[in-house]
Amino acid sequence: EAQVTQNPRYLITVTGKKLTVTCSQNMNHEYMSWYRQDPGLGLRQIYYSMNVEVTDKGDVPEGYKVSRKEKRNFPLILESPSPNQTSLYFCASSLSAGSDTQYFGPGTRLTVL
Amino acid sequence: AQSVTQLDSHVSVSEGTPVLLRCNYSSSYSPSLFWYVQHPNKGLQLLLKYTSAATLVKGINGFEAEFKKSETSFHLTKPSAHMSDAAEYFCVVSAYSGAGSYQLTFGKGTKLSVIP
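Quick note, the sequences are listed as chains A and B, same order.
Numbering (the numbering used here) for the first sequence: 4 to 116.
Numbering (the numbering used here) for the second sequence: -5 to 110.
It is possible that part of the hints are untrue.
Distance condition first, Cα-Cα at most 30 Å in a straight line; then the derived DSBU-like pairs of lysine-lysine [as the list claims (entries may be wrong)]: (1) Lys74/A with Lys21/A; (2) Lys72/A with Lys36/B; (3) Lys72/A with Lys20/A; (4) Lys52/B with Lys72/A; (5) Lys68/A with Lys62/B.
These aren't lab readings, by the way, just hints derived from the structure by calculation.
Modelling step: build the complete structure from the supplied sequences, incorporating the hints.
Rendered as structure tokens:
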């Protein structure tokens, strides 16, 4: 089944404790991206990747890192999480950018205490 | 630079009446435009997309949208609302952002309530 998977789905952590949220797709998509969703703000793009080893900042990249060493994986890293990073995070992929449909993962709900 | 404005944060309609969710956009390049739907506690699903072909786009579940370049709008409509349409809807613009990259920008969302 074609899908985007994220792990973990739920995470409660404390300020400053490094964490990684994994994202994997099995559709051979080139374009992958991370979003955070906050009430009243919609989805805001954190980082995106046009292909392996190519990543770019989105609208809200501060406090996040990403890497794209393989086509299928695009992990999101929070080196020193803070409470303002408490949010719902979505990973998405598409065949390429531009006019292609985004396929979204199920979301990761992160709480930073 | 690009932006998306969803003109209503909340729309309430009665079951069986028409739905109109409004979206305006701005973009320096010719954009692709999308509507996605998010049901409570679910991920996002594509409703329809415009990619420079026909300006009237038909999507799933009876939704359609019309691209109007002169008005920079991409409003979503449905002739008759169903209870299952209650969800949050996002208008999205994708456009070239330079150096071979594309960027996606989401509107803030419109929550649709359907009254029985």
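Here is what the structure says about each hint:
1. Lys74/A with Lys21/A: Holds. Lysine 74/A to lysine 21/A sits at ~24 Å (cutoff 30 Å).
2. Lys72/A with Lys36/B: 29 Å, holds
3. Lys72/A with Lys20/A: 24 Å, holds
4. Lys52/B with Lys72/A: Violated, at roughly 38 Å.
5. Lys68/A with Lys62/B: 38 Å, violated
Against the hints set out earlier in the document, violations occur for numbers 4 and 5.
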